[in-house]
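**Q** Same order as they appear, the protein sequences are chains D and C. The first sequence maps to residues 47 to 202 in the numbering used here. The second sequence maps to residues 354 to 848 in the numbering used here.
Hints may be right or wrong, so weigh each one.
Stated by the list, open to error - Per the computed footprint, the stretches of chain D lying under chain C, defined by three or more beta-carbons under 8 angstroms from a beta-carbon of chain C, are:
no. : region
1   : 75-85
2   : 108-117
3   : 140-148
4   : 166-179
5   : 182-191
To be verified - Examples of chain C residues toward chain D, derived with CB under 8 angstroms:
no. : residue
6   : Q519
7   : K522
8   : F547
9   : W743
10  : I767
11  : G813
Rather than coming from a laboratory, the hints here were simulated on the basis of the structure. C-beta atoms are modelled at their ideal positions from N, C-alpha and C, and glycine is treated no differently.
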Amino acid sequence: MVDPVARAGRGLAARVPALVLLVLALAYGFEASRIPYAFASDPLGPRAFPLGLSAVLALLAIAWAIRPGRAEPWPRGTSLLEVVALVALAFLTAWLFDRAGFLIAMALFCAGVAAMFRATLAQAIAAGIGQAVLWWVVFTKGLRIALPAGSWFTGS
Amino acid sequence: MSLDYLWTGFAVALQGHNLLFGLLGCFLGTMVGALPAIGPINGIALLLPLAYTLGVPAESTMILLAGVYYGAEYGGRISSILLNVPGDAGAVMTALDGNPMARQGRGAEALALSGIASFVGGMLSVLGLTLFAPLLGRLAIGFGPAEYFVLMVFAFATLTSMVGDQPIKTMIGAALGLALTTIGLDPTSGAYRFTFDEPELHDGIEFIILVIGLFSISEVLLLLEQQHRGTLQFLSIGRGFPSLATLRDCLGAVLRGAGIGFVIGVLPGTGASVASAVAYTTEKRISDREGTFGKGDPRGLAAPEAANNAAAGGAFVPMLTLGVPGSGTTAVMLGALLLYNIQPGPQLFTERPEIAGGLVASMYIGNVLLLALNLPLVQLFVRMLSLPNWILLPGILTLAFLGVYSTYASTLSITIMLAIGVVGYLLRKLGFDLAPVILGFVLGKVMETNLRNALAISGGELGIFFESPICLVLWALAALVLVAPLLSRRRTITG
Numbered sequence: 047m048v049d050p051v052a053r054a055g056r057g058l059a060a061r062v063p064a065l066v067l068l069v070l071a072l073a074y075g076f077e078a079s080r081i082p083y084a085f086a087s088d089p090l091g092p093r094a095f096p097l098g099l100s101a102v103l104a105l106l107a108i109a110w111a112i113r114p115g116r117a118e119p120w121p122r123g124t125s126l127l128e129v130v131a132l133v134a135l136a137f138l139t140a141w142l143f144d145r146a147g148f149l150i151a152m153a154l155f156c157a158g159v160a161a162m163f164r165a166t167l168a169q170a171i172a173a174g175i176g177q178a179v180l181w182w183v184v185f186t187k188g189l190r191i192a193l194p195a196g197s198w199f200t201g202s
Numbered sequence: 354m355s356l357d358y359l360w361t362g363f364a365v366a367l368q369g370h371n372l373l374f375g376l377l378g379c380f381l382g383t384m385v386g387a388l389p390a391i392g393p394i395n396g397i398a399l400l401l402p403l404a405y406t407l408g409v410p411a412e413s414t415m416i417l418l419a420g421v422y423y424g425a426e427y428g429g430r431i432s433s434i435l436l437n438v439p440g441d442a443g444a445v446m447t448a449l450d451g452n453p454m455a456r457q458g459r460g461a462e463a464l465a466l467s468g469i470a471s472f473v474g475g476m477l478s479v480l481g482l483t484l485f486a487p488l489l490g491r492l493a494i495g496f497g498p499a500e501y502f503v504l505m506v507f508a509f510a511t512l513t514s515m516v517g518d519q520p521i522k523t524m525i526g527a528a529l530g531l532a533l534t535t536i537g538l539d540p541t542s543g544a545y546r547f548t549f550d551e552p553e554l555h556d557g558i559e560f561i562i563l564v565i566g567l568f569s570i571s572e573v574l575l576l577l578e579q580q581h582r583g584t585l586q587f588l589s590i591g592r593g594f595p596s597l598a599t600l601r602d603c604l605g606a607v608l609r610g611a612g613i614g615f616v617i618g619v620l621p622g623t624g625a626s627v628a629s630a631v632a633y634t635t636e637k638r639i640s641d642r643e644g645t646f647g648k649g650d651p652r653g654l655a656a657p658e659a660a661n662n663a664a665a666g667g668a669f670v671p672m673l674t675l676g677v678p679g680s681g682t683t684a685v686m687l688g689a690l691l692l693y694n695i696q697p698g699p700q701l702f703t704e705r706p707e708i709a710g711g712l713v714a715s716m717y718i719g720n721v722l723l724l725a726l727n728l729p730l731v732q733l734f735v736r737m738l739s740l741p742n743w744i745l746l747p748g749i750l751t752l753a754f755l756g757v758y759s760t761y762a763s764t765l766s767i768t769i770m771l772a773i774g775v776v777g778y779l780l781r782k783l784g785f786d787l788a789p790v791i792l793g794f795v796l797g798k799v800m801e802t803n804l805r806n807a808l809a810i811s812g813g814e815l816g817i818f819f820e821s822p823i824c825l826v827l828w829a830l831a832a833l834v835l836v837a838p839l840l841s842r843r844r845t846i847t848g
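I would like the entire structure built from these sequences, with the hints used as guidance.
**A** Okay, here's the thing in structure tokens:
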């Protein structure tokens, strides 16, 4: 909010997102035109609303491509690597969640995230183990919500 | 006019457990408002799945979430004043005069004054909500499908003209939200739309997954990227309390701010951030004769603080009576009601007075609680601001995982949440505001259903949307809100 928002490039690069949206809008409309249905109890049917939306979105995408407006600069270097690493770590954690179990998956995840947010190694390990155990106790003991113990260990 | 719902509401809100939920909500709300990392939408998004999974009754959940909502409007001022970093979008204007006051060593005075302004603004707007909501509700009883459809058009028109300065992106956001609601089973025809034979998509995109992904995940990614921008410097609070003369000076600013905030809050889609901006600029025009605004003028602090709290109350009026949220945060609360299978509307006040009334009554109680929490305990909230990100953010992410997992018990929903989070991050980098997406999402089903029902009634004749006086008034209002900003812009250019 208070950060000065830099002007994004004026060239083609600034227009790529709008063109992606245009393609998506058209694909959405194409899919909408082939929604299979046997009957409809109303004159409009299930296709009309998404078809209309697709047209609106396509027009808006063209307007956006013509005037890209303000955008923030994309991250570069270390920042970009960190964002990509966090996203990858998060998807990996989702995959590990019921395989390795909540405790291990979340301890690794929290330690990794803490490290990215400038924790020292000791702090990161403490944050990982501390958060995982804290939330495990709060959820399974306090709130009585079952969390995965890990199919790799329970064999189920 | 009957205020029976309010008495029922007080009976509900004063029950021990609901008082506790209210207090908890106010406390957590002040906290999330104060922390620059998380705003009210994040706080609500992360609490909602827990309350829902634990089987907390609907009225208690709403009391809890409402406490978070207006508590955040109190909390947002703390970091605005002491750090010059707004805790949430509604507190941007607070920094303009609040931070200079703190620089002059009047931090404590600024905090107390803004707390009092928040309280007055909040109380007046709950009063407005109490009186105004049943009236609007009575008007809404005459609404048929055609009127509701045109109402949605009006809502998107105000959204476009009021939110942000990039109307095309606001419209794209709303359209994306609408498009997301078309995924899943179409109940009228039994057709599966955009499900690609994936059973997980048959029920459509789940609300909680969307909100947590869009807001919480994208927020953490943005913070990760921005952490290189140097450390923040805390200003000391000092001691002091606004003098009677200062309070008297600010009275006009507070009342004007509250009025502006309430009206803007009622308008669909426009919440605290727009309200406080309009209140500040108005107050500057009226009172700033010596050019002291922006240099620590208490009136420049009081007006936006009264306005953002008043907007929070006003935003509930259309949400409860018409099912059209007045702000991004009330859009999430509307989603919460729908999760409990409660459809807001004029009947809510007569058929479910414990929910409508309980919520309204809890806001009276909540404002008193917040004033009591915020005046003496402000030091405690300030200390929370120094909680390092490496403790805070893993906690937020863990709660995001847990919220989605505990509601849907599937790791695929966590993956979907993460994917949505990445999209949310990209959209924010591209200059999008995410509130319109949520608004489009909570209104999409209603909009399409009413469009189709209206045309079913008329036999496909489009004339039905232009027949009733209510429709015509709504069309006119929609045209007005779209044209008005253009006209005022022209006047400032020529003048």
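**Q** Quick one: which hint numbers does this structure break? Sort them smallest to largest.
**A** The structure conflicts with no hint, since it agrees with every one listed earlier.
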